[in-house]
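Chemist: Okay, here's what each chain looks like letter by letter:
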Amino acid sequence: MNDFIRQLADITGSGFVSSEPEERYLYSMDQGTMSPAEPDAVIMPGSTEEVREIMLLANKHKVPVVPMGGGLVLSGLTRALHGGIILDMKRMNRILQINPKSRYAVVEGGASEGMLQAYLKKHHPELKHSMPDAPPIATLAGNICIHGSGHLSVLGGFHSDMLTGMEVVLPTGDIMRTGSCSISPDWFARAPLPDLSGLFIGWSGTTGVVTKLGIRLFPSYSHNDMLIFVCEDADLMPDVISRLTGTQVAEDMTPWMTPKPEWARGFLHINISYGAHSKKELTFKRNLLQASVKKYSDQKIAGFLPMPPTEKSRFLKIPSPDLVKFADIRKGGGFEYVGAIMAIEHFAEAYRAGLQIARTYNVSYSMGARIIGAGHAMMFFYAYAFNRADPEDIKLAQHALEATNTAALEIGGIPWKSELPAQKQIINKMDQNTFNLMNQIRSVLDPNHIMNPGNWEK
Amino acid sequence: MPAIKFDPELCASCETVDCLMKCQYIEFAGISDAKAEKLKINAGENSRVLNECLTCYACQEYCPFGNNPFYLLVELQEKKGILPAPKPIVEEQLRMMSPKGRITRQKVRSPVVNMCAFPMLTGCVRGKLFEGASVISGNDIFCNIMWLHFAKNSVIRDRVPKMIDNIMSFYLKDSKIDEMVCFHDECYGTYTSVAEAFGISVPFKPIHLFDYINRRLNEIPDLIKPINEKIAYQRPCSNRLSPETDKILDDIFIKIGAERVPRKHDRENALCCGGVPRAQQRDELADELVEKNISDMLSTGAKYCVFNCPFCMATLGQEVAEHGLMPILVSDLVLIALGE
Amino acid sequence: MSLTKKSGKSGCYAKVSEDITMLHEEILHRCFRCGYCKMPSSYIDLNCPSYLAFRFETYSPGGRMWLLRAWLDGKITLSKRFSEIMFSCTACGNCTEHCPFPGFKDLLLEAFTAARGAFLDEGLVPAGVRDYLTRMQLHGNPYGLPAKKRADWAGGTEIAPFTDQEYLFFAGDEGAYDTRGQEIARSAAKLLAKAGISFGILTMGENSDGNDVRASGETALFEELAKNNTDLFNKKNVKKIITLSPHGFNAFKKDYPELGGNYQVFHYTQVLAFNMGKLKFRENSDPVLATYHDPCYLGRHNMDYYSSRMMLSAVPGLKIAEMDRNKQNALCCGGGGGNFFTDVLSSGNESPARSRVREAKATGATIMAVSCPLCAIMLEDAVKAEGLDGDLRIMEVSEIVNDRIL
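So the protein sequences, as listed, match chains A, B and C. Per the working numbering, the very first residue in the first sequence carries number 27; after that it's consecutive. Per the working numbering, the very first residue in the second sequence carries number 11; after that it's consecutive. Per the working numbering, the very first residue in the third sequence carries number 108; after that it's consecutive.
Treat the hints as calculated values from the structure; they're not laboratory data. Careful: at least some of the hints might be erroneous.
[Unchecked claim] Listed below are the simulated DSBU-like cross-link pairs for lysine-lysine, each with C-alpha atoms no more than 30 Å apart in a straight line: (1) Lys338/A / Lys110/B; (2) Lys343/A / Lys186/B; (3) Lys326/A / Lys302/B; (4) Lys343/A / Lys306/A; (5) Lys50/B / Lys321/A; (6) Lys338/A / Lys302/B; (7) Lys321/A / Lys90/B; (8) Lys117/B / Lys186/B; (9) Lys305/A / Lys50/B; (10) Lys286/A / Lys212/C; (11) Lys313/B / Lys306/A; (12) Lys320/A / Lys302/B; (13) Lys274/B / Lys326/A; (14) Lys468/C / Lys434/C; (15) Lys305/A / Lys274/B; (16) Lys434/C / Lys148/A.
[Unchecked claim] If you want the footprint, here are the derived chain A segments under chain C, 3+ residues with CB under 8 Å: (17) 44-56; (18) 91-102; (19) 111-120; (20) 157-163; (21) 344-351; (22) 413-425.
Just so it is clear, the structure is predicted and the values come from calculations on it, not from any experiment. Glycine included, each C-beta is placed from N, C-alpha and C at the ideal position.
In isolation and in its complexed conformation, chain A is listed as follows (with noise of 0.2 Å):
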């Protein structure tokens, strides 16, 4: 291993490989309950080209490579499971292009969420794109791998849906690429050629390692605002959301619902945020999306709560950081959630089964669905708080998560980014041919079996 790890010296420079201890400890983990797995050695190169060279190096000696974003995922998808490398893409953080007329950005395999988002608003403040609610320093590579979800994901879908096109680097040592990159100097769609780029997303990083991608844009509005919808009764949300979703006018739209503060205990919130060229506009979609559910509001049964501008401030900052702060609230830094991907008509049962896993494990939680494009999907979160320095409350977290997966597959689901134990849930439920057709693909780009060992296996 010694002389492996020179060999990754002389790629990168020594000052970006490590075996050191506290480097193998730190990369062992996440924030998440999963159990530490310690990679051999964590290495950060700075080039597809050092990539390729690490690709090649890993593969000829079937040392296992854990490719890795902002390391956010909290169900553990970078643990080296079984050792090897840690592939820490955080180096090739760089804005390639932004393409303002086509609307799309290029940018580099570890470039983070927020960096995008400050050099838009800065270069281009006419754009911007979906952001996820997690920190700014997740990659939008890691996330669009994962098929993440975000604030604009009523109007543009899952993350991996605003995809372009990518560069990859294969296990084999191969780059190549997906999309209208791989024929024109532009980078555009996806279409209208065969996707190659699903190769590469929701597999947990057991297929390539993405170099480069291109992300759809949107117009970035100069009048911002949002609405908080809420009612009592889960059985009317498919139809609330339906209705709003309806309208063509959010960007966002995700329903919560919280134990703490005690005021929201029972209710169901949707926060629903909208922009326009205008106040005129902005007050004429208002206006829509009240009306769509105004049968409701009329009956004094839901309605949008009074909010003055000024309170409305915070929910407009895109990411919240209060949305990290659940992970205080048992004074342990510690949360994982299972965000389960599902049909919008099984939102009552999804909420039911959350406050009854919550009732029986006792646990901190808090619940919410990011709305994915008009009402075709839902991301639907269970989130847990627990204390990293008590293993108790860790176990009692993570039988209350592996609960929320059985019961996400139960009503009809998929749990997201899913744990080791959830993918194994989801392969058995899995049509045989679907997985023997990932086996084989996988065999295909992967010969040695290199690419996040442990992952997506029976």
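The hints should help you fit chains B and C onto chain A, whose structure is shown.
Modeler: Okay, now just chains B and C, sitting in the frame of chain A:
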């Protein structure tokens, strides 16, 4: 708890029906139409007024007999389950504003200034104007008048006596103080008008902020540097419960050299800031009220828009500022005149 | 600020049989490692100097928090690498500024300081840190030069020894001993005199303010340095101090009062900012575009973002172009926490100083104004390393003003 203080005979004998005829939000075909609706309310029957009421408190002021038409209307709304706002919104606010039991005993000295549930405004109590003042605030001394907007007289009956007890036992009693400056019209209205109409006894003397400021300015006339500016005043709904204090504001303005510009929508014709209609899901009406208020202010050439209600300021302040007027609280305006 | 100790030689940790405890250990596991601490509020770039330079998660504030917890739990041991990770922190305060957890954010740097104390007690510190602290211990300054040379910087000037003037002017270690620092000290003193400020300097006996010794975790040595200074200041009846360095300003203002040193403390820019009206500027000064680099101990640590800018704004013909990372979001030059002397951060392409001068250059400014001698020296080296000589000039704010007054 006693019924709302109301004399039906006196009301029935009224020839002008000012309470409804002067209403700026509900249209009546004439005095007889208004009278008919009023009599329905008095008899505890359904009236369209129960549904259309904006809950602006103005009828309390319009009634020439001080016969509490608004409190009676709210009583009937609650009895009939007519919710001005959706139930979940009312329920959440009820929880949000509930007493938290976090109050601690505190030695206070005069003047004791009650900031109600707006501790974030404590910084307003400063300088020569409030020299030596003790400030009290928090949900445990919340005046609870807001429930008049939500057909919840029962909550007022339930919570206000507790708040009064908290004010006395945690602050005033031990410090042997028997009066309290109400920073907001809401509190003053609660401890005067509402308390009287609802039969709630108040063991301390509430002092209206305007009264306090006016007296204080009399004590420090040499410190006043006239502002010499035109000021548009956004009169809040809760000042309808103590209309006599509106005249004190005129005195204050004269003392600080500010001109209270004659607005179409001031004094008796003051318009709602637009906050409450949003809770009632009447945003388009709220937009209209905001627009009317702002254009009215702009037509006067005023430089400042002065508020005495923090909720009005939160609702209108940004809009006012976007139109080039400076939003400011009455107390801060006076502090400017005092060079602070 | 509390200097409450647990025990141990440094006063920051205690070893009781196998159980190690550390001051502020109760916050370590509460860090979620969300990474807000790595960036400015705009997220435009990385803003933690050591993470920027090294890029391993271990070198970020969150990484340190988790490593320290692991060490206390016996999962990792003290090592040379661990020590380098801890001592590469410049105590710039970006993490405390941007951490979203109000429950413990203010204690982050204090926890790192306590941990450094533990490393010192174990003798596991980078050689540069060891040598730095040894020189401090032996000579009372980080240069290892005699105390009697401390006032040499003022030679040939009309600066008087402190007797009964209004202010004591404290040039600090860099102002006293570093050639470039001495220039800056003379420039600041000259401008103070021009503005009619009554001040004098001590000619011997004082030693380092100890600010960065404290940040290094050597609490006992800091207290010793501070005690020597306060004894001397009190003996001389000092009431008001003007410091050249924001580091000294921070120590005198925040830490000395608990050690018996109660003075009104000002950074020289704070005194000059309100006396600019007394200065007569030359007419027809050439227009110049400058950018201003906020020093951490004046800015984030003491929230003064305006004194220097007020001075610069008074200069005819000078316009300020702000860098993306400014004020609360300024990138540290890399010299804090003792790194100016210990060089744990080193000077690679991604060193904070080099990143910072590139950022300054990108504004189009030809002058990068500073108000800290450490920043000046760090950034001048970076200008050379980046090949920006002739394009970007590092100037201390009083130098800019002195150049343009009659």
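Chemist: Run every hint past the structure and note whether it holds.
Modeler: Hint-by-hint comparison with the structure:
1. Distance restraint check for lysine 338/A and lysine 110/B: the Cα-Cα separation of roughly 24 Å lies within the 30 Å cut-off, and the hinted pair is therefore satisfied.
2. Only pairs whose Cα atoms come within 30 Å are accepted, and lysine 343/A paired with lysine 186/B is rejected, the gap being roughly 48 Å.
3. For the hint pairing lysine 326/A with lysine 302/B, the CA-to-CA distance comes to about 28 Å; that is within 30 Å, so the pair holds.
4. Annotation: proposed proximity of lysine 343/A to lysine 306/A holds, straight-line Cα distance about 22 Å (limit 30 Å).
5. As the CA atoms of lysine 50/B and lysine 321/A are separated by approximately 29 Å, the hinted pair is consistent with the 30 Å bound.
6. Distance check on the hinted pair: lysine 338/A and lysine 302/B sit about 23 Å apart at the alpha-carbon level, within 30 Å; holds.
7. Between lysine 321/A and lysine 90/B the alpha-carbon distance is near 21 Å, which keeps this suggested pair within the 30 Å criterion.
8. Distance check on the hinted pair: lysine 117/B and lysine 186/B sit about 10 Å apart at the alpha-carbon level, within 30 Å; holds.
9. Straight-line distance between C-alpha atoms of lysine 305/A and lysine 50/B comes to about 42 Å, which puts the hinted pair past the 30 Å bound.
10. Between the alpha carbons of lysine 286/A and lysine 212/C the distance comes to roughly 22 Å, so the proposed pair stays at or under 30 Å and holds.
11. Under the criterion of a C-alpha separation no larger than 30 Å, the hint pairing lysine 313/B with lysine 306/A is consistent with the structure, at around 26 Å.
12. For a cut-off of 30 Å, the pair hint linking lysine 320/A to lysine 302/B stands: about 25 Å separates their Cα positions.
13. Restraint check: the Cα-Cα separation between lysine 274/B and lysine 326/A comes to about 34 Å, which exceeds 30 Å; the hinted pair is violated.
14. Between the alpha carbons of lysine 468/C and lysine 434/C the distance comes to roughly 17 Å, so the proposed pair stays at or under 30 Å and holds.
15. Taken as a hint, the lysine 305/A and lysine 274/B pair is honoured in the structure, with Cα atoms around 26 Å apart against an allowance of 30 Å.
16. Restraint check: the Cα-Cα separation between lysine 434/C and lysine 148/A comes to about 17 Å, which is no more than 30 Å; the hinted pair holds.
17. Check result for the region 44-56 of chain A against chain C: holds, 8 residues qualifying (beta carbon to beta carbon below 8 Å, three or more required).
18. Chain C is given as covering the region 91-102 of chain A, and this holds because 3 residues of the stretch bring a CB closer than 8 Å to a CB of that chain, at least three being needed.
19. Coverage of the region 111-120 of chain A by chain C holds [criterion: at least 3 residues with CB-CB distance below 8 Å; count 3].
20. With a threshold of 8 Å between beta carbons, the proposed coverage of the region 157-163 of chain A by chain C holds, since 3 of its residues qualify and at least three are required.
21. Only residues whose beta carbon comes within less than 8 Å of a beta carbon in chain C count, and the region 344-351 of chain A has 4; three or more means the coverage holds.
22. A stretch counts as covered by a chain when three or more of its residues have a beta carbon under 8 Å from one of that chain; for the region 413-425 of chain A and chain C the count is 3, and the coverage holds.
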